[in-house]
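These are the residues of each chain, in order.
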Amino acid sequence: MAAFLASLPGAIAQGIIWGIMAIGVFITFRVLDVADLTVDGTLSTGGAVLVMCTVSGMNIYLAMVLAFLAGCLAGLATGVFHTAFGIPAILSGILTQLALYSINLRILGNKANQTLSVTKYNLMVSLRYIPKSLIVCSIFAVALIALLYWFFGTEMGHSIRATGSNQAMARANGINTNTRKIIGLVLSNGIVALSGALLSQYQGFADVNMGRGAIVIGLAAVIIGEVIFSKLFKNFALKLLAAVFGGVIYYIVITIVLRLGLNANDLKLFSALVVALFLGIPYWKAKVAPKKVKTKERSAENA
Amino acid sequence: MLEIKGVSKTFNPGTINEKRALNGIDLTLNDGDFVTVIGGNGAGKSTLLNMITGVYPVDCGTIIIDGMDVTKLPEHKRAKYLGRVFQDPMTGTAADMEIAENLAIAARRGKRRTLLPGVTHKEKNEFRELLKKLDLGLEDRLTSKVGLLSGGQRQAITLLMATLQHPKLLLLDEHTAALDPATASKVLNLTEELVSDGHITTIMITHNMKDAIRLGNRLIMMNNGEIIYDIQGEEKKNLHVSDLLELFSKASNGEFANDRMMLS
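The listed protein sequences correspond, in order, to chains A and B.
Here the first sequence is numbered in the working numbering, starting from 1 and rising by one per residue.
Here the second sequence is numbered in the working numbering, starting from 1 and rising by one per residue.
Just so you know, the hints here were simulated from the structure itself, not pulled from any lab data.
The structure displayed is predicted, hence computed values, not measured ones.
Treat each hint with caution, since some may be false.
[To be verified] Simulated crosslink set (DSS-like; lysine-lysine; CA at most 30 Å straight-line):
#1 LYS234/A x LYS236/B
#2 LYS234/A x LYS285/A
#3 LYS234/A x LYS145/B
#4 LYS133/B x LYS111/B
#5 LYS124/B x LYS234/A
#6 LYS231/A x LYS236/B
#7 LYS287/A x LYS124/B
#8 LYS72/B x LYS234/A
#9 LYS124/B x LYS111/B
#10 LYS231/A x LYS124/B
[What the hints assert, rightly or not] To be clear about the criterion: a stretch of chain B counts as covered by chain A if any three or more of its residues have a C-beta under 8 Å from a C-beta of chain A, and this derived list gives those stretches:
#11 67-79
#12 88-100
#13 111-125
Beta carbons are placed, not taken as given, at the ideal position from N, Cα and C, and that holds for glycine.
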């Protein structure tokens, strides 16, 4: 128990970092209604760019900006595949993700991984300084949520949300749905790359495989956050916060099951099953209680 | 206001499912015209509207709105000039967004979307006044998600959205067909009010022949992708449902007047 409690702050810090990635996933999965698989590659891209820039002597904040921009470019590629080439969104994401594997190897100087020593460089977060990391990650997440809350309340943000909600309506109101999808994908992947950049600092290295399964963790965080907080959190900013909390809860659960003796190699199997289960819940709910939904609509009509 | 010249459209050309939806349509609407369009299933009514709005490209011909050739413009650019209400009440609004947000999106139709606030306080007050006129109790629910509303309420909001930015042309595609009779008549009254108040040039597709005769100053009948009957003014006012039925059966050798038409 004591060992579990001791590992808790680290799990939370890592959970927030993955929660920031979940915010990126939320933008595509929930706002744009697109499952974007680019993120598996983008997370590594963000980490790789940050490590290589920092190692070459660049200021850490500037390196973060470059990591963000690299992620944006990955999102742009997926967006162009999807809109200009007419490739289904999921396949577009897979294509970019595959391409990014080669690109990430090149960024990492044709190596599978590169280390980033916290003793040599002035990093924002590190597992050596967990309290500081917790504070920095929390501030980062809150600032990001505030920024996105503002953005999705603007005319531009509204047009992106309309595109995700109803494309026919969006076009009928003069919104170019293709450019809105691209903007959403660019923004989402930029955020995921930022999360990767934080993660590489935290763990002290960037690895070409660090993003494998990231989309599943992101979805897990989004869905866990929704299932637990949906009754409480209606506001857009709070929904984003729920995704971050979902990431934290996911990492605490992972810490627990590992303590309970789950083989670390089985972790991805475990994650996939958890996500499948949580994705299934709303579907089963709708199947079991169709009558309940109908009365709800009726009462809305009478109101 | 609207000029359609020689517009044709064939779906799935060269296949067994080939369907000539529009066959050399010529149609000119004057400023302030309110045209009702009737015709059987597959007559080309909806395709005509989809050609005007740019959902699909035309095979040939030109479409001119208020002197501007829009034939090659993509759908979202033509939207600047057009207000649209669809048959399915779910199509015209974004369910996941608030009533005020939906209206605000419509208020910015054809304008650049900037990083300014999506809805201003001033707009919210204006929207509240507009919604009060609908008399559906929506003025107190500006921040409700549109997905929580009934079909009739959503259709009323879509109408409001379509006319918010005075459109050069209002296109109504059987917009009351999916509603119960009481709600349908309410939405139809609202349509009349908005169209006459704003002096908006309008095309309304309907399956209800009484409505087609009662509303508007001009009536068009379509069959097999062609306009087979075009009547306006006094002549239209004196029209009876029986006249239309006769015309229908003449045009289509009796196939045309199906049960749905008789009943409505």
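Coverage assertion for the stretch 111-125 of chain B with respect to chain A, Cβ distance below 8 Å, three residues required: This one holds; 8 residues, not fewer than the three required, reach chain A with a Cβ under 8 Å.
Stated coverage of the stretch 88-100 of chain B by chain A [criterion: 3+ residues, CB within 8 Å]: holds (count 8)
Proposed proximity, LYS145/B with LYS234/A (alpha carbon, max 30 Å): Since the Cα atoms of LYS234/A and LYS145/B sit roughly 11 Å apart, the hinted pair holds (cutoff 30 Å).
Restraint status (C-alpha distance of LYS133/B to LYS111/B at most 30 Å): holds, 26 Å
Claimed coverage, the stretch 67-79 of chain B by chain A - three or more beta carbons nearer than 8 Å: holds (count 5)
Agreement of LYS234/A and LYS236/B with the hint, judged by alpha carbon distance not exceeding 30 Å: violated, 53 Å
Hinted pair LYS287/A and LYS124/B, Cα distance within 30 Å: This hinted pair is violated, its Cα atoms lying about 38 Å apart.
30 Å limit on alpha-carbon distance, applied to hinted pair LYS124/B and LYS234/A: Holds - the C-alpha atoms of LYS234/A and LYS124/B are around 20 Å apart, at most 30 Å.
Restraint check for LYS72/B with LYS234/A, where alpha carbons must lie at most 30 Å apart: violated, 42 Å
30 Å Cα cutoff - pair LYS231/A, LYS124/B: holds, 26 Å
Given hint LYS285/A paired with LYS234/A - CA-CA distance at most 30 Å: holds, 20 Å
Pair hint outcome, LYS124/B versus LYS111/B [Cα-Cα no greater than 30 Å]: holds, 19 Å
Figure legend: structure checked against the earlier numbered hints; hints not met, in rising order: 1, 6, 7, 8.
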